[in-house]
Each structure stands twice: as structure tokens, then as C-alpha cells.
Amino acid sequence: MTKLLSVRLVAILIGLGFAIVALYSFVLGAYSAATEEAPDHLPYEDPIDFAFSFDGLFGTWDQAQLQRGLKVYDEVCSACHSLKYVAFRNLEQLGYSEAQAKAYAAAKQVPGIDPATGEETMRPGLPTDYFPAPYPNAVAAAAANNNAIPPDLSLITKARGDGTNYVASLLVGYQEPSARMLEEHPEAAPGPGLYHNIYFPNLNLAMAPPLTSTGQVTYDDGTEATIEQMSKDVAAFLAWTAEPTLVKRKQTGWPVLIFLLFATVLAWFSKKQIWAAVKPKRQD
Amino acid sequence: MSFPWAKQYTPTNPVMRFFDEKLPLPRLIYNAVGAGYPVPRNLSYFWNFGVLAGFFLMLQIVTGIVLAMHYAANAQVAFATTEHIMRNVNWGWLMRYAHANGASFFFIVVYLHIFRGLFYSSYKAPREMIWLLGVVIFLLMMATAFMGYVLPWGQMSFWGAKVITGLFGAIPLVGEPIQIWLLGGYAPDNAALNRFFSLHFLLPFVIAGVVIMHIWALHIPGSSNPTGVEIKSESDTLPFHPYFTVKDGFGLGVALILFMTMVFFLPNALGHPDNYIEANPLSTPAHIVPEWYFWPFYAILRAFTVDFLFIPAKLLGVIAMFGSILLWFFLPWLDKSPVRSGHYRPLFRKFFWFGLIPAMIVLFICGGAPAEEPYVMLSQLATAYYFLHFLVILPIVGQVEKPKPLPYSITEAVLGSDKKAVLGENASPAV
Ligand code: HEM
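Residue numbers (this note's numbering), protein chains in the order written: chain A, 32 to 315; chain B, 1029 to 1459.
Here chain B stands alone, though its shape is the one from the complex (with noise of 0.2 Å):
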């Protein structure tokens, strides 16, 4: 499960020592997260995501339990008990927008972990697993946000939930049946904010535990690194503590420096003001939009305007967003380059930085603005870019790409080409 350098644990407390051998606890943080776990050593900042998406994953969980305190999911008074949280409860304010600004935060730091998966394809062998674990979370995840934001029963609260319920109506036969069930009843009612609040309390609970299993298979081969080349030494690496424990504090006070300035000082940007209005059913908003970080799925919601061959946009629709994420599950077999890292793929990286990343920013731009021209149609472009990237683009540039000469070692590319260049004394210390 690791190198053979690791160190071992050797507590020489006798308290540490009795929990060792009753309950190897503290045994397992060490091997997890602490100096007996190597790491390698040019990990850059990008490899921080993980442990912020942690970091944020616990904040909602505890925010969200004391919101919950004084939240009552009943459609007559959720929207008054939101206010109530924000007015009269001592520091309920800064609880909902933690928790408000933590979502579009979690979603930040996931994006760009994600980003990094893919720069990196860290989603190639042997990682598969916490790759396929990995959309997992964030398919709980965008449940979890969709229902949470369903909770203060505003106008975006009540409208958002009927478009994307709606969405299941487009299944042929039994499409408006499952959407009768899931909501309980023909439209967003008590019964289902009351079911969305069951789950939005139950679904994070859901992620930590997938999350264990993301850092356990996570663990049997390492991190993989920028170069993509395997650990082959002890001099490769460095022990997660104190190297990487001082990085990714560093990595979390940043982090924390922005969220708190959006919490302070910005709280409702990210947010939409029709959800300071109460659901109305009865009115519907101008623009029905949903939380930023949905837009791009969204955009290819809406990209399909048009039946085709006697399928109904709508469903057309509803495939291709639930596609577009799904397929990540197959990247590990459909991207067969030998190399991982994008600095050593010429082809790939342009395909990357002026394809990918540019359709999605059109994407996320189409999906927060109205279903107008020229959104519909740059967002139609761009959705047929996304699928051609993944499916048809990646598989052929992995067979066809000249890749660049890797270094022999993480040790190697860390000295670079300066040939007087040495791993200091301390370079693997025994902490």
C-alpha cells in the first residue's frame, strides 16, 4: 500500500502508545497524512484541491447542521424561518452565507481539482478508481447543491426546481410519472421540500464517505506528479508532513483569504436577487436560471433546439447534459497515450487550452444568459465541440501525438538540465 521507505509510526508517548495498540488511529492519520505517507516532490499547486475541496466539504457539513437548527422545511413558513436565521438568530448571517458562498466555493476548488485530472489525465492507469469515485462525488454533489438551493423557497428556489424536475418529463412513457414521484406531486410542494431536505441533510454524509474511499484508492498508488512519471526512488518524494501539510496550509489560508472576502463583503454575488423574493407559483421569473456553477451544463441543456430524426429536443437535451457527464466515467479507456502530463503532449495540449477551455467558458457564459441569439448558437458550437473532445478527439490524438521525451525521474526533472545541481543533504530527511 506504500513505498518501502515509508516510516513507520513509532509513538514514544505512552498515551499515543496505548491508542496504538488498542485502536491504530493515530497509525492511520501518520500513514495518511502525516510523514508516513511520501509524496512526490514536485507536486505543484494544483495538487492543493483536493485537501480544499476537504476542507470545504466540512465546512458545509457544519454550517449546514446549525442552519438546520432553525430552518423548517414547510413551504408556508421556509422562506420566513430564512429570514429568521439571517435576523434574529446570533450569527445566522455569517452561518448562511458561509454556507451560501461554501457552495460556490466547494464547486471552485472541485472544478479546478477536475481541471487538473484532466491537464494531467490523473484519470489513467493505476487511478483509475479515484477518478470513477471522483465523478461520483460530483454528481452527489451537484444533487446536493440543486436541492439545497430548492431550501429558502424563493422564486429561483421554486422555478429552479420545477425546470430541471421537469427535465425527467422528457423521458418517453415514464417521464411524467418519475416526475410526479420525485416532487410528490405535480409541482414543488411541502412534499417536496420536505424529501429535498431529508436528502440535502442525509447526501453530504453520503460524499464524506465516498470521499474516504477517493483518498483510500488514492493511496495505493500515490499522487501521481506534473511530469506524470512514476515514483521510481526514495529520492523522488518527501514525506507528506511537514512538506505538503505546510504547502496545502499555506494553499488553505489563501483559499480562505477570498472565500471570506465573498462572505464579508460580497455575500450575494454569486447569488441570484430573484431568490430574495418568496415562491410564487403563480409568477414566473423572467429568466430562470440556475447557480453559476450549473451554466455549462445547462448551456447544453439548452443547446438542443431542434428534433431530430423524431427524438424531441427535449430529450435530445436532457441525454446530452446527463451525457456530458457521465462520459467522464470512460476517459480512462477512451485516452490510451502512454503519457499522462500535458507538458509532455504537444498535440493534446493545443487541443486542451484552445478547444476544451475555451468552449467551456462559452458554455458557462450561454448557460447564465438568456435563451437568446447569439447565445443559443455559440452554445451549440461549443456543446458540439465538448462532445468531440472527449469522444472522438482524445482517443485519435492519443494514437497519433509524437509525445515529447519524458524525464527519466521526478528526481531528474526536479535538478533540471543544470548539471551541477544536487538534492541538498536533507534531501529525503528522516523526520
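Bound-form chain A, shown alone (with noise of 0.2 Å):
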């Protein structure tokens, strides 16, 4: 009994010690949040919700919207920006022909081997080639870009929140910062060799405006291409860039949420059946 009672004695004494020290920090913290100023956040804005095709429960791809995606990135992201786990072959679930993810891949040039002398060339691509990056490496990356390392798009989808419609709106969220801005945020102001963009997180960004004219892609479907349009596209196509079984996922689950919802509700009868005969019943 007193063994017992002196357990519960430590523990009360550690819980007030662990109390104590959390409340020390917690006045301490207090003081401090009371005289000195919160470090503000900058103004950025969210994304704009574009309300995608692939949206949603039922979403499906527009693969003309995937193919003049695949176009932007071709003649301007592909510049500056790696694809690199994309292949030539995946081309063909974008509407493509066998043949003409070949033709694309013949296209482009990848490193490869001189079979007679065994030294590193370039050679026309194979279906089974990834896109090719247009470094060689991050060094070169950065300093073709005023030193900061443009990101391979792959994924970047996924690899921002809300990232279809972030990378759309990026694209079109380039402009001058306000006065306003500038008053209230004097460190909002672009440096050298930086543009301003609401919707990047730090409000500066080292990439130019890629998209700055309409018509600056010829689409082949007749689609005006204004700076919206192909920032739609583009951001379309990476979307499936980034998972290339997403609306193959959400088609999955549709039917093994209808198998699963089936099944719950005959457990639940068949619960209901075996319960009854043990339930409590009124002796009248």
C-alpha cells in the first residue's frame, strides 16, 4: 500500500515538475511574443482554381488539352526545364500513334555512345528514351540562370500545394508589385535578375516570364493561344507528367467503392439478422 502510494507521489511530483517548466516557457514565451514584433508573412496570393478537366470525382484528361501542353513545354519550358521521368513511349497515352511518339523521339537529340569509336555523343531518340535535360548538370543549370537551379517539372504537381492550378497560376502571375506592396513590404521589391509573381511564396522568383505573348506557341487544334490558355495547357500536362494513372486511379474506385458499399450493407443485415435473436426482448 504505502509502496503504491509512493508511485502515485513520484508521479505527481514529475507531472508538476514537467507543468512547471512547460508554464516557465509558456510565460517566458509570452512576454517576449507581448513586447517584441511577430515576424509577418508575405502577401502572396493562393492559387486560382481553374477547375481542370481531371477535377474531381468523375475528372477525366482532355488529351487536346495534353497534346497543346505537351507543345508549350516542347518549344519553351524545355528550354530551362528536365522532364525526366517521362519517356518518349508514355507519349502514345496522350493520344498519340505508336509512330508518332517515334517520330517525337527521332526528333530530339539524346546522349548516347558512338558504337565505332565507344565516345559519348548525341543520338536521335528511341521511344524508350526520357525526355532529355537541357543541362548537364546543376552546375550549368545555375549558372545559365542567375544561379538558381530551374526544377525538373516531372512532378511538380505534386510537389506543390495545389500544384496543377499553382503552376497555371504562376504563369499568369507575373506583374509589377504594387505601391501598396512596396509600402508595406519594402523587401517585397524584386533584386537583380529576379521577377515578381504574387503567387511564388517569397514574391520573387528567378525564372522570366516564359509565357508572354499570345500566339507565342502555334497550337495545331485551331485553340487561341493567349498567356492563359497555354499556362492552362501547360499546367494540364504537367498534371499528368506527374501521375500519369490519375484518372485511371479515380476510374479504379469507382467500382470498389461500389463493391465495398455492397458488401457493408449486407454485413450490416446480416448483423442485424443474427443480433435479433439475442436481443432484449418485452415479457407482455
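None of these hints come from the bench; they were simulated from the model.
Each residue gets a CB set at the ideal place from its N, CA and C atoms; glycine is no exception.
Warning: the hint list may mix true and false statements.
[To be verified] Cross-link-like lysine-lysine pairs, in silico, DSS-like; alpha carbons within 25 Å at most:
1) Lys1260(B) / Lys310(A)
2) Lys1378(B) / Lys1430(B)
3) Lys312(A) / Lys1378(B)
4) Lys302(A) / Lys312(A)
5) Lys1448(B) / Lys312(A)
6) Lys1035(B) / Lys303(A)
7) Lys1430(B) / Lys310(A)
8) Lys1260(B) / Lys1448(B)
9) Lys1448(B) / Lys303(A)
10) Lys312(A) / Lys1447(B)
11) Lys1432(B) / Lys1364(B)
12) Lys1364(B) / Lys302(A)
13) Lys1448(B) / Lys310(A)
14) Lys1432(B) / Lys1448(B)
15) Lys1035(B) / Lys310(A)
[Stated by the list, open to error] Derived DEER-like restraints, expressed as beta-carbon distance ranges:
16) Glu214(A) / Val1191(B): 30 to 40 Å
17) Asp80(A) / Phe1336(B): 43 to 53 Å
18) Ile1093(B) / Pro146(A): 39 to 49 Å
19) Asp71(A) / Glu1258(B): 58 to 68 Å
20) Thr91(A) / Ile1285(B): 19 to 29 Å
21) Ile1093(B) / Thr91(A): 31 to 41 Å
Grab the two chains, each in its own frame, and use the hints to assemble them into the complex.
Written out as C-alpha cells, the structure is:
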């Protein structure tokens, strides 16, 4: 008995100890919070909701849009950004034929080995090759881009919160900092080689606006290539590169859920029936 | 090991009789989760979560083994092999999403399981050993989940590993050598990644072993129940099969609907976007946060912001974080109230609902938030309450509280105040 009492006594002392230290930290923290100014956050904007065709529970790819997005990536972004997890053969999923994917690959130069000399050379791509990187290494990429490394874009829409909307917003979000912004946050003024963008968490990034004029890319399907259209298309394309299985995933989910719902309802009625016999009854 | 009215296994099928004579495995199953195991008839759905935890443990093992067939634990390629699984392995994306969300669901059901244990004080005699083994399981789960999160070698993998192993660096004198020994180097790299993979593969099987002991220990006294009154007679019980197999089956259906909704429609909602960026030792993420299931404990770690009596703040945080879980080991000896169920403990219940639960919610939110005000201050208050609750309030409440009258038996509780109610003829059916 006394032994057990002492277990609790020790516990009470330890408990009070932890509580006192935590409260002591609280008091000092409260004091400095009251006397010091809290660091405030840069007022960047949340991404615009562009309502992509593949959003929501029943979303599907808009293949024409993905093809347009590929073209934007190909003609603009690929100058600086790699796409290393995507192979040319994957383009067949965008509605291209095997021959088209092959031709697309053959038009690209990828690193290879000269079969005669064994030296490193460039050769035309094969469907099994992956998209080549624009720079040989990170140092070269940084040197060409004001010390910032353009990230690989394969996974970019998953690597940012609300990623697809974010990428599209970022591309349309370049603007001069407002006078009010500069007054309240002088640090929001772009430094040398930086560009102001209201969707970028730092408000300034090292990527010059890549999409600057309507018609910068000529779409094969006659869609008017406004900046917003190109931004949405390339963002949709990058959503596909980040998760080519996205639509298949949603489409697989439905039968699974319907089956489970059915099985669970069945289990519910079985439970009711089995338990009915042993539920208390009124004796009347 | 069981109640005298428990049904005996009598195989009629000759094959089963053959088996039962040579290796009584069918008998073991029959007595463990079959008609041979009498269970309190009044168990609520809160008693479903043990079985659900077992299901998610098995799911993690199965999906994990498939993932391990395609994954390579090498810092050069770990991230790329994970993407290979997502893109090129048939149904690899399903395996990975099921495994990642399976970890979250495993923690959800285990937290509800622990919550049940705390509210109904299931840890009290004669169930102390079940509880102690449960805490061991929980510690093993945390270690397993932490190491698993490192494997895809994303930014959060790397920096999470760095921060958590860095905690050991807070131990005076031996801290730094321990940290280097754990990592096999000064920072997480191949050595760390390889040993984490090895241990992440091993520990679930260790957990499975402890779960077997957990259930073995459970079968000595049998389950407690929402009244906390022990079983007195046969009419207090029902055989596990079919009554609780069907109830657990329904519960599993509901859990699977929720789980599959996450897997197929929101597979990344519980993860962090930064983990889709490959690990980069040169670029620190803006906010390093662990997985959501660690948030309450991470908040306790970060609540200690100032040195106290020459003890560095970091060391205090580390002690408090580990202490906040290790103190669970002592609960059976701290809470000496003779009443188990929170339903009959008016004072305990107030502290539980208006103290512990809000404190846990605050800790959860603060653990996921950046280390800024007001989160730090809130987490300090909640941390103080957390320790007071378990170490001060629980022992004292058990002494001073006047519990409400308990029903005489489970049967009486089931019949309620209606004097005319009876248990039907099949009240204790011979299945
Ligand atoms: C892999 C994880 C776990 C598995 C598979 C598991 C499994 C089970 C099962 C099947 C039961 C009986 C059904 C039920 O009461 O829900 C049970 C009971 C119990 N478990 Fe666990 N458990 C796990 C983790 C834990 C943890 C982490 C704790 C506490 C820290 C714990 C504490 C208990 C207690 C006290 C009981 C008895 C409850 C009562 O009879 O009122 N378990 N466990």
C-alpha cells in the first residue's frame, strides 16, 4: 500500500515538474510575444481555381489539352526544365500513335555512345528514351539561370500545394509589385535577376516570365494561344507527367467503392439478423 | 483461460479431426476468434478497433512486401525507384498509395483503440499486461513509420530523419556519438537509408509477434466492456462467432470505404508535397514537419523553448516527448479508481472531455503548424495540461471521486431499467 502510494507521489512530483517547466516556457514566450514584433508573412496569393477537366471524382483527361500542353513544354519550358521521369513512349497515352511517338523521339537528340569509337555523342531518341535534360548538370543549370536551378518538372504539380492550379497561376501571375505592397513590404521589391510574381511564396523568383504573348506557341488544333490558355494547357500536361495514372486511379476507385458499399450493407443486415435473436425483448 | 461455459471444439469433418489431433490449430482459432470465445454481449463499436488495427497491420505487411520487390535503398536511386513503382510497375501506384495511406489509417484506428483504453480504463487490473504490450506496439509502430517515411528519399524524408536523429544529439556527453552511430555518418545518407530499410522491413514482424502476445494476454481475463463490470455468468456473454465476427465485418466494411476513398480520390491529402521533391542536403525546406500522426508529440518536443536550471531546452523537449508516451506504462498504477468505465466516473469524465481531449487537439494542431506564436504558447499550455492530467489529476481523482452506482451485471445493464425486458430464448445460443 505505502509502496503504491509512493508510486503516485513520485508521479505527481514529476507531473508538476513537467507542467512547471512548460508553464515557465509559456510565461517567457508570452512576455517576448507581447514585447517583440512577430515576423509577418509575405502576402502571396493562393492559386486560382482553374477547374481542370481531371479535377473532381469523375475527372478525365482532355487529350487535346494535354497535346497542346506538350507543345508549350516542348517549345518553351524545355529550354530550361528537364522532364526526367517521362519517356517518349509515354506520349502514346496522350493519344499519339506509336509511329508519332517514335517520330517525336527521333526528332530529339539524346546522349549516347558512338558504336564505332565508344565516345560519348548525341544520337536521335528512341521511344524508350526519356526526355533529355537541357543542361548537362546542376552547375551548368545554375550558371545559365542567375544561380537558380530550374527544377525538373515531371513531379512539379505534386510537389506544390494545389500544384496544377499553382503552376498555371504562377505562369499568369507576373506583375509589377503594387505601390501598397512596396510600402508595407519593402522586401517584396524584386532584386537583380528576379521577377515579381504574386503566387510565388517569396514573391520573387529567378524565372523570367516564360509565356509573354498570345500566339507564342502555334496550336495545331486552332485553339487561340492566349497566355492563360497556354498556362492552363502546360499545367494540365504537367499534371499528367506527375501522375499519368490519375484518371485510371479515379476510374478504378468507383467499382471498388461500389463493391465495398454493397458488401457493407450486406454485412449490416447480416449483423441485424444475427443479433435479433439475442436482443432483449419485452415480456408481455 | 476461459469461462466454464465456453463451447468446446468438436470437429465433425474427418479432415478437421485429423488436423485437430495432430496439430490443434483449428482448435486454437476456434477458441481465439471463434464460437469458443465468450465475449461481453454489450461491447460497443469502440471494441472494433483492435481487429481493425490487426487488419491494417496485415495490409501494411502485404503491400510493403510488394513495394520492397521494386524499391532500392540507395540514396542515388531511392527516389527514382519510388517513381518507377508509381509509373512502370503494374498497379504499383495502388500498392504505394495503399501503403502510405494504410500507415495513416493504422494510426487512426490505433489512436481510437488507445482512446477507448483511456476512457474505459481498460489498462486496469486484470488487463495491465494487455495495455503494457499495447504501449510497446505503439512505440514500435512509431519507429516503423518514421523509418518508412525516410525510404522514398524526398525532402521531408531527409530532413525529418535529420531532425529526429538530431534529437539524440541533445543527450549530454554521449548524444553526438549516439547520433553518428544511429545514422552511420554525420548526416542521413546511404548508410542510414540502408539500415532504415532493413529495420523497416523487420519491425512489422516484431509488431506482429507482440500483437500475438497482446491477444494472448487479452484472452486470460477476456475483453472488458462499456460498463467495466466483469462477466458474472453465461448470460453476460455471447460467443465471438458469429456475433462479433459479423459486427467486426461490418466495421471493417466501413473502415475500408473510408480508406479506399482516400486511396483512390485523395491519395496525397495526408502527405506533404515536399516529399515529391528529391532529397537535397543543401536546401532546407521552409517548414520541416513530420507525418500528421506525430504532430501531438512533435508539439510537446517544441513546447520547451527555454533552458531551465541549466538543462538545455532541447534536452527538456526530448525528455518530455519520450516521457509523454512512456508515462502510459505507469497508468495501471497511477489510476487506482476501482471503477473502470468513464460512464460511471463523473469527475474523471469532466477532466477527460474538457481537459485531455481539447489538449490533444491543441497539441495536434500546433505540431503541424510552424513554430510561431500563438502556436508555441498554446502548445506550452496544452503540454502542461497533458502531464498534469496523467501524472497529477488521474491519481488524485481516483481518490476523491464518488463514482455513480454500477449495474449489478452486464445482463442487467443490457436489460436497462425496463423491468419487463428479458433476454430472448436464444439469449445464449448454442451455435
Ligand atoms: C498493432 C496494433 C494493435 C493491435 C493489432 C491490437 C489488437 C487488439 C485486439 C484484437 C484487441 C481485442 C479487441 C478490442 O478490444 O478492440 C485488443 C484489446 C486491447 N488493446 Fe490492443 N492492439 C493494438 C495496439 C494497442 C495499443 C497501442 C494499445 C495501448 C497503448 C492497446 C491496448 C489494448 C487494451 C488495453 C485492450 C483491452 C481492451 C478491453 O478489453 O477493454 N492495443 N487489442
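Consistency of the hints with the structure:
1. Taking the CA atoms of Lys1260(B) and Lys310(A), the gap is about 19 Å. The hint holds against a cut of 25 Å.
2. For the hint pairing Lys1378(B) with Lys1430(B), the CA-to-CA distance comes to about 13 Å; that is within 25 Å, so the pair holds.
3. A threshold of 25 Å between alpha carbons decides the hint, and for Lys312(A) with Lys1378(B) the separation of about 34 Å lies outside it, so the pair is violated.
4. Only pairs whose Cα atoms come within 25 Å are accepted, and Lys302(A) paired with Lys312(A) is accepted, the gap being roughly 17 Å.
5. Straight-line distance between C-alpha atoms of Lys1448(B) and Lys312(A) comes to about 8 Å, which keeps the hinted pair within the 25 Å bound.
6. Between the alpha carbons of Lys1035(B) and Lys303(A) the distance comes to roughly 23 Å, so the proposed pair stays at or under 25 Å and holds.
7. At roughly 32 Å between alpha-carbon atoms, Lys1430(B) and Lys310(A) are farther apart than 25 Å, so this suggested pair is violated.
8. The hinted pair formed by Lys1260(B) and Lys1448(B) meets the criterion: a straight-line CA distance of about 21 Å does not exceed 25 Å.
9. A threshold of 25 Å between alpha carbons decides the hint, and for Lys1448(B) with Lys303(A) the separation of about 23 Å falls inside it, so the pair holds.
10. This hinted pair checks out: Lys312(A) and Lys1447(B) have alpha carbons roughly 11 Å apart, not beyond 25 Å.
11. Among the hinted pairs, Lys1432(B) with Lys1364(B) is consistent with the structure: their alpha-carbon atoms are about 16 Å apart, no more than 25 Å.
12. Distance restraint check for Lys1364(B) and Lys302(A): the Cα-Cα separation of roughly 37 Å exceeds the 25 Å cut-off, and the hinted pair is therefore not satisfied.
13. A C-alpha spacing of about 14 Å is found between Lys1448(B) and Lys310(A), which places the hinted pair at or below 25 Å, so the restraint holds.
14. Of the supplied pair hints, the one linking Lys1432(B) and Lys1448(B) holds, its CA atoms being roughly 24 Å apart against a limit of 25 Å.
15. Restraint check for Lys1035(B) and Lys310(A): the C-alpha separation of about 21 Å stays at or below 25 Å, so the hint holds.
16. The supplied range of 30 to 40 Å is met by Glu214(A) and Val1191(B), whose beta-carbon atoms lie about 38 Å from each other.
17. For the hinted restraint 43 to 53 Å between Asp80(A) and Phe1336(B), the CB-CB distance of approximately 48 Å keeps it satisfied.
18. For the hinted restraint 39 to 49 Å between Ile1093(B) and Pro146(A), the CB-CB distance of approximately 41 Å keeps it satisfied.
19. One distance hint, 58 to 68 Å for the beta-carbon pair Asp71(A) and Glu1258(B), holds here, with the actual separation near 59 Å.
20. Distance hint for Thr91(A) and Ile1285(B): a CB-CB separation of about 23 Å, consistent with the stated range 19 to 29 Å.
21. Distance hint for Ile1093(B) and Thr91(A): a CB-CB separation of about 33 Å, consistent with the stated range 31 to 41 Å.
In summary, the numbered hints that this structure violates are 3, 7, 12.
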